[in-house]
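> Could you fit the two chains together into a complex? Lean on the hints.
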Amino acid sequence: MQAPLRRRRAKVLALASAMVAGGLAVSASQPAEAGVTTLLSSIKASNGQTITVTNHLTKAAQSTISAKAAGAGARKEYLLVWAGDANISDTTGAEIKNTPLAVNPVRALNIDTDALPAPDFLAVIDATKGSADYGKVVNTATVGPLVENEPHHMQYIYNKGDKIFAGGLFSDTTYVFDVAKLPALTLSGANLPTDTLCGSIPDAYWVLKDHTAYGTYMGGPDAPGPCVYSNGETRIGNGFGGSPGEIVRIGTDGKTLSETPAALSTSEDPVDCINYPVLPQATCANPHGIQVREDLGVLVASDYAEPRNIVLDPVKPQDANIFRDTVRTFSIKDKNNPKLISVAHMPNGPRVERNPGHEEPRGIMETTVTNLPGHKGAFASSMCGGVIYYTPDITAAKPVWREVFDDTTAAKRLNPDTVEGGGCDGGGWVQTSLDDKYLYHAVIGRGPLSLDSYDTGGAKMVYTLDIRKLLAAGTSTTCSVNTIREVWDGGNEPDCPTLAGDLAIKDLTSGGPHWGTLDNFALAGDGFYHQTTDVTRIAISNYFVARSGVDGNHRVCMIDVSPTGGLTLDSTFRDENEGTPCVDFNRSTWPHGKYGNAKPHSELFVVADADLK
Amino acid sequence: MAVVLAHDGHVVPTLPVSVVAIRWLVLLLAALVVAALLRRTTKSSVAVAGVVAVGSGIAATSASTWTFALVSVTHRAAAALWLGAVLALAVTRSWRRLAPLGMVAATAVAVSGFVQARLDRVGLDAFAFDQLVLAKALLFALACSLGLQGIRRAASGRLVLLESAVLFVATVAGSALTLLPSPPKVGVPLVSAAGPLQVTVVPQRPGLNLVHVYTDVPLLIDGQRTTTYPGASGQWARITLPAGRSEVRVGNRTLLVDAGHSTAGPVPDGPECASAFLGASLAHRALRSCPSSALSVQDRHALETLTGWLKARGVMHVQVLGDSTPRSKQAASALTGKGGTGTVGAVLLTGSWDTAARQLAALSGRAVPRDGVYLAPWLLSAPLLSSYSTTAPLLALPFDPHGSAARRYLVRLPAGETPTGSGYAAFTSAQAAVQIWATAPVSIFPKDLGHAHATAGWFPGGTLTAVTFLR
Chain A
1 MQAPLRRRRA KVLALASAMV AGGLAVSASQ PAEAGVTTLL SSIKASNGQT ITVTNHLTKA
61 AQSTISAKAA GAGARKEYLL VWAGDANISD TTGAEIKNTP LAVNPVRALN IDTDALPAPD
121 FLAVIDATKG SADYGKVVNT ATVGPLVENE PHHMQYIYNK GDKIFAGGLF SDTTYVFDVA
181 KLPALTLSGA NLPTDTLCGS IPDAYWVLKD HTAYGTYMGG PDAPGPCVYS NGETRIGNGF
241 GGSPGEIVRI GTDGKTLSET PAALSTSEDP VDCINYPVLP QATCANPHGI QVREDLGVLV
301 ASDYAEPRNI VLDPVKPQDA NIFRDTVRTF SIKDKNNPKL ISVAHMPNGP RVERNPGHEE
361 PRGIMETTVT NLPGHKGAFA SSMCGGVIYY TPDITAAKPV WREVFDDTTA AKRLNPDTVE
421 GGGCDGGGWV QTSLDDKYLY HAVIGRGPLS LDSYDTGGAK MVYTLDIRKL LAAGTSTTCS
481 VNTIREVWDG GNEPDCPTLA GDLAIKDLTS GGPHWGTLDN FALAGDGFYH QTTDVTRIAI
541 SNYFVARSGV DGNHRVCMID VSPTGGLTLD STFRDENEGT PCVDFNRSTW PHGKYGNAKP
601 HSELFVVADA DLK
Chain B
1 MAVVLAHDGH VVPTLPVSVV AIRWLVLLLA ALVVAALLRR TTKSSVAVAG VVAVGSGIAA
61 TSASTWTFAL VSVTHRAAAA LWLGAVLALA VTRSWRRLAP LGMVAATAVA VSGFVQARLD
121 RVGLDAFAFD QLVLAKALLF ALACSLGLQG IRRAASGRLV LLESAVLFVA TVAGSALTLL
181 PSPPKVGVPL VSAAGPLQVT VVPQRPGLNL VHVYTDVPLL IDGQRTTTYP GASGQWARIT
241 LPAGRSEVRV GNRTLLVDAG HSTAGPVPDG PECASAFLGA SLAHRALRSC PSSALSVQDR
301 HALETLTGWL KARGVMHVQV LGDSTPRSKQ AASALTGKGG TGTVGAVLLT GSWDTAARQL
361 AALSGRAVPR DGVYLAPWLL SAPLLSSYST TAPLLALPFD PHGSAARRYL VRLPAGETPT
421 GSGYAAFTSA QAAVQIWATA PVSIFPKDLG HAHATAGWFP GGTLTAVTFL R
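Heads up: the protein sequence lines correspond to chains A and B, in order.
This note's numbering puts the first residue of the first sequence at 1, with every later residue one more than the last.
This note's numbering puts the first residue of the second sequence at 1, with every later residue one more than the last.
Just chain B, same shape as in the assembly (with noise of 0.2 Å):
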């Protein structure tokens, strides 16, 4: 057992009751310990005691980040010695000796738990995890309030025993909100869990916000239905969330949302921008504008360098298809005069996703013009890869899908997001040469005979390879 750190930063994922219950009882095992070996007086039992406390606390935790593991280990190992302490009080009655060590334990346990309620976002709201914490602070204030009984008296057993009846109620309130998930961080894309559905909260601020459900099936988001997006994968919905905390209905889910109350920064207007906003977080930068609003100089360069290879395989006409959002005009601006005339040999497309994934779905199949059809940076997305792959489409990298920038977005990203273009450029301004990259599936059997393909990556069952060294 050890600890183990969640995906970084976002919610911490609740635990199975089973897991939960076995920690508990690693806990409450680990006051036993304690409580006997602080029956003897000796240094070195106080110590091992400490030791004991100690190691159950990491074996009982899983935190988001080294903070939170820190705290947490504190937290669980000063109930287990304040816990000990206790019982070994109910047996021994040696106040002068083991109250001082209860009440450092008791201190521990208040200031680990206010440092881990700040942390876990806690507020007076009606969330069950913020009601489950009041409880379990109330109990403290309980056990602490018994505890300073017992020292003036110095004699009662039953002001133990009732001491320990508290903080036996107050372990299980703690193990209980693991169970639980803690409110969300504010004004970051939310990835927390409905049931058994993984969801994302883009970008969580007051007013229009996207949601992604990693499911096929279509479902209810607040009311409304769920529908797919070209180019992304799972069902979106396109929700309005008011300032501050609020619950979103996810089918018949609840989900925790905290938008905040800034509403500085960009509105997602799609997917893509969705996946930026998400790059963006996992690096713990901020997004000043959905990637369709410009066309970025990375972008552009990598635009100028396929075209300038084109026309050096003396493919003379390349002809550029976009749409009408800004990006895609600042790149059909850039590369007039640059795709030659005559007979198209090659096409490059420069929209947004959905317009790509139209045009794809046009060229599917067998009517691709012989020298191809090649992809703007911001189109590297998965399902637009997959679904129409028969186009055989290739890409202008700015960046090294392989290199190691790409390996730590692809780490931190969710299990279940997809990677993309525009997330990786949200993520690191880490740039490489200009390499044109081919796509091939490489699911090299029958897709009926049902066997499960690869998820992870940029291109799940399938392989992006560079196809030019170009300096």
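Next up, chain A with everything else stripped away, as it sits in the complex (with noise of 0.2 Å):
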């Protein structure tokens, strides 16, 4: 009798125990991860405001500091991505009311954290294939005191001995990091919105071989009005987040080096290009896809949409022409003063939409070049449209441009059952492989039952186009997507792309894959990285803007490429908490500190300075 009694005693004490332990384990607050040392960087900006970075490296991170200065130590490669902290601004009315019930009214401790705004930061993450630490965050460099940038866009590919030009969306500020120094970073400048007084709402950069770079303010002047440029021409603007837009040279110290009207100086079609305010000179000037050929000497930027009027006033239409169709080319030949050479209206393709916003033409969101130098041109996406354009030629007075892919056919492959068209599917990130074979497509995809009730959604995928042929074709390229079959089943010209690969991403959020980055380095047999043109891997990002009702799973994931342009998710790639392929950006803490989820925006390979030829 004795024996079971002690049994049940011990039971009942380790349950006691267990019961008092949870309830102190999860009243006590966790501290910020041990061992993280901190490394602050700052400068004054223009209006005298003390801007500040602040590194919070890993023991990890510190291994590799030490090792290099010692000089041993592998190389690393690593993945940087530019992420802002969710808060209660980022809550929406679903997620409250589908709050899951739990003994106590409590959400998710990393959801609790996330009430007050917290700093933004780019995360540096270990991408070296093999290393122990691959996938590992091993620096959280935030900054400060801006809070709630909205942290967007940075370049699209990293170059030797540039900065990284990193673009608040909502807080209208541009950061320049230096990256010569990883895992560890510091600031070289920052661009306020008192220094682009001609333009709001920055998107992306594409950086220069001086290492400056251009910057699309996609959102008019920060007051309505005039507003004079650096080129000493006048545009009246309907204000912040309005029209015109601007694209913006900014020095490697964060200065505003130029800022160049998007629109021309007379008026576009005012049907077309509808203004909210009416502007005296209507523009569909609101640039966001960024890319340059500097040795053709052009710039070529695709509008989006004027984007504080989407949503427009509730008694009035709304007006599917906010979404942009237009793609603009600039003569770079003066750098300091980008001559606007052509506005093209992307065509309207065979689809007939019963929401004329999901026509094909609408919200050209991304621009890619080419970038041999026998080929001239140019790609453009539709994020409500869900179609590629293509021009051959980005030189020309004139460019012509034509639908050469509709999401669709990628879609359908995936998705046998898609019953509805790539209308309104999020096609983001688009991007040329450097050697001009292949063009990569994030899609966020559209979301089930969102045209009615027996749409099955656009698949949420990445995708490879073979364009080999097409650039072959050169100006006589006859792929063109015109008939609703090739909607379907892609384009019957022989020229047209053809998908090498896709990728499904599974996700059930209101976002998707909206970003990426293609893998420009490889390890070389000298222990050195250099700079190649052969992509073996991207990586993407799953967030859009929490605040627009689209937001994502908050995962950066690594995907291989192969030879011939087929994808496959890196399941080595894992998330050191979860050890879930993927690297997940929810999480309670951070080397920073207990700060709950972030939004990982976009992303970019980068290797240090000295680790790379």
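It cannot be assumed that every hint is accurate.
To list a few chain A residues with every Cβ distance to chain B over 12 Å, as calculated [what the hints assert, rightly or not]:
| hint | residue |
| --- | --- |
| 1 | S42 |
| 2 | A67 |
| 3 | R75 |
| 4 | K160 |
| 5 | S267 |
| 6 | N336 |
| 7 | L340 |
| 8 | S480 |
| 9 | P494 |
| 10 | G501 |
| 11 | S588 |
With the Cβ distance kept under 7 Å, some of the chain A side facing chain B (calculated, not the full set) [said to hold, decoys possible]:
| hint | residue |
| --- | --- |
| 12 | N47 |
| 13 | L116 |
| 14 | P193 |
| 15 | D222 |
| 16 | A223 |
| 17 | P224 |
| 18 | G225 |
| 19 | F240 |
| 20 | G242 |
| 21 | Y276 |
| 22 | P277 |
| 23 | R308 |
| 24 | R547 |
For the record, the hints were derived by calculation from the structure and aren't laboratory data.
None of the values given here were measured: they were computed from a predicted structure.
Think of the CB as a built atom: it goes at the ideal place given N, C-alpha and C, for glycine as much as any other residue.
The structure is reproduced here in structure tokens:
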């Protein structure tokens, strides 16, 4: 009798201890990660304000730095991810409504900590394949004092000696980071709203060979009224987040080198280019994507939308033309005074949509140039239209753009039950491979039931197109998607791009894969990294802009690319906490503290200058 | 599981039945464990029993403040200990050893229960909460009586079992209390729930009160149909409250209110004043007057800074549009001669929320002056900004909406309530250099896709960005 009684008592004691321990454990606040060292870098902005970046280096990063200082240790490649803190302002009514029931009405700790805005940061992730730290966040470089920047884009690709230009969509601020000594980084400059009075809402950047950068500022001048640009020209704008946007050249110290109007000096069609409030000279100039061919002296920028006005006054009908259908080319012979050469409207495609906002040319979010000297073409992708356009010659006075691929073709391969085309499927990142063989494209996807009760949605995916025949055709290209069958089956003409690879992204959030970057580095036999045009992997991030209603699962994934363009998820690039493929930015603790979930918008492969030849 | 602090300063939200049931089971389980431990005579067993009791108290507590939490944990822990001691007594009949422990626990239950009742503002009204507390107190008295009789007779197993049964029922009654809203705090805006609807009653004093219900659907409040109000979210009604406790019918639900007996303080003249009342109450401050009754020094400075900045930008004529409210008249007077003349370049709105809403509606779409539409600081209210976003209004603010004081205000504001410039001014006197803030919706997907937009912050689904750095 005594033994069972003792066992019962032991069980009771164990249970009691577990209860008390459980209560105490959850009650106590978690300290920041142990062993993290901080490194502060600051600059004085143009208005005298001190802007800071604080490195939070984990033990792994410290070891790397120590080994480098001692001239030892393996050279590393990093993935830099520009991420914003998720906080109460990102919470939606649906999330509150659907909060799961718990024993106590508590939410998960990583969500609990998201009530107040916390610092946004550049995460430094070990991207050295085979490294013991592969996939680990080794440094979070937090920016201050501005919070709620809504970190958005950096440049598309990193070349040795470049700075990192990283934009805050809401703070209207561009940060310039020096990454020469990764995994630590410093701040080289910051460009504030008052430094770009003629534009707002910075979107994307292209870094020139002299390491300065062009940035697209999608929205209009900070305040409504006339704005005088650095070239002496004047445009009348309708204010922050309105029109016209501009092209800004930013120095390596963050200073504005030039502000150039993206709008023509004359009015564009006021029906095609609707502006709210109305402008004396209508314009579609809301540049978003930007890429440059310095050898050709041409800058290409695609117009997405007048960002402030996509959700219009509820008493007025929505005008689909708020989503722009235009691509602009500029001559950059004088880098501080780009000259607008052409404004091209993308042609409408064969789909006849019930919602005019879903027609093919709506929302030309991104553009990408070809790279090889013999090629002069460029591509553009529409976010709401869900297609890809191509022009064989961006140096032409009036480049001819044709639709060459509809996302529907790729979506159908991944989901044969697809019943609606690519309308408003959220096509985002589009990028040519550096050898001009392939084109990569990330698509957020359209949620099921978006259009009607039998819409199974559009696939969340990344796909690769083989563009060799298209580019080989030069200006004689005939490819044009102009029949409804080509929407589903791909272009009929022999030079049309063909699907070379695809990867479905499983994700039940409102978002999907929006951005990506290709790895342009390879470790050579000499032990150093070298820049390469052979792309063997790309990284993608699953986040758009939470406050737009399109969020994402906040994961950054690595995708292996085969020599034929095939895509495979790299299952060795795993989250250090969960052990699952992809790095999850929904976590409780970061090297900089217990700040909860973060929103990774864009990423970039980078190698420290000393490790790169 | 842990102590959970509810929103500061207001009625503790009621809990779902499932949560209450689990908490009650935790308490019961703890009592059983305590009973098992108290069968042993070692000091360590008693100590562990105490730890288990406290642990169960922590696990089963929700509270609005740490004082509430302390009292609640004590009450529940003592109850678990008392019930455990009585159960152990039923088995061991060790009166000499366990009776003192039971008496200590009973005393702790009595003291903490009394304090908790005071904190919960329990009265002798007809509220279900009050009645249940009274029933619980009677059960407590009965259990004490049975316990004392047991101690005197020192051998009655029947009395012990009866006491256990009474305590068991008392724990059920105690747990059931958390299913009911506690009586409201007197004389401060009430944030409570009427069924699924969140309701705010401002200022919850005798006389005229505003009721704000977080729904888009009109409903009856004390027989009156609610209406919308320009610049404010949800549905609104004006009701008259009697002194002391009463009930308000919200749709088919009943809301308990306690207006107290003091009529001191302003009568709310609209949702802006209601927002100010709420902001002041969050900081435990008293609102002396509704914001529209006078132009504050800070707001006057903001308006003067704005017109100076516009003049420096070359805007020759700023048209000031206001109304007949004292604040607006004072603003017009302060800006006389500063707006310039000639063709209207920019418009500055200085009226009340409803006047501004009408003026913004007239400007909406495409008829905005070339140099823009500017709003006075008190017009910072998300419904105004989002409903008329095509006018792209800018604000002159004498505070930083992204600063630490503003963050405290945002976090303390009950979910669903709209943060406003006037609410902030009533919440804190923290100021910053006046800056001009652009407003922009950022919902950059068509709304027909049914995406769920953000609900919190100054401008849900939008952003406020400073476009100046004035000193």
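> Take the hints in turn and mark each one as holding or not.
Taking the hints in turn, this is what the structure says about them:
no.: 1; hint: S42; verdict: 17 Å, holds
no.: 2; hint: A67; verdict: 40 Å, holds
no.: 3; hint: R75; verdict: 40 Å, holds
no.: 4; hint: K160; verdict: 34 Å, holds
no.: 5; hint: S267; verdict: 15 Å, holds
no.: 6; hint: N336; verdict: 24 Å, holds
no.: 7; hint: L340; verdict: 23 Å, holds
no.: 8; hint: S480; verdict: 27 Å, holds
no.: 9; hint: P494; verdict: 36 Å, holds
no.: 10; hint: G501; verdict: 27 Å, holds
no.: 11; hint: S588; verdict: 15 Å, holds
no.: 12; hint: N47; verdict: 4 Å, holds
no.: 13; hint: L116; verdict: 5 Å, holds
no.: 14; hint: P193; verdict: 5 Å, holds
no.: 15; hint: D222; verdict: 4 Å, holds
no.: 16; hint: A223; verdict: 6 Å, holds
no.: 17; hint: P224; verdict: 3 Å, holds
no.: 18; hint: G225; verdict: 4 Å, holds
no.: 19; hint: F240; verdict: 3 Å, holds
no.: 20; hint: G242; verdict: 6 Å, holds
no.: 21; hint: Y276; verdict: 4 Å, holds
no.: 22; hint: P277; verdict: 4 Å, holds
no.: 23; hint: R308; verdict: 4 Å, holds
no.: 24; hint: R547; verdict: 5 Å, holds
The structure is consistent with each of the numbered hints, conforming to all of them.
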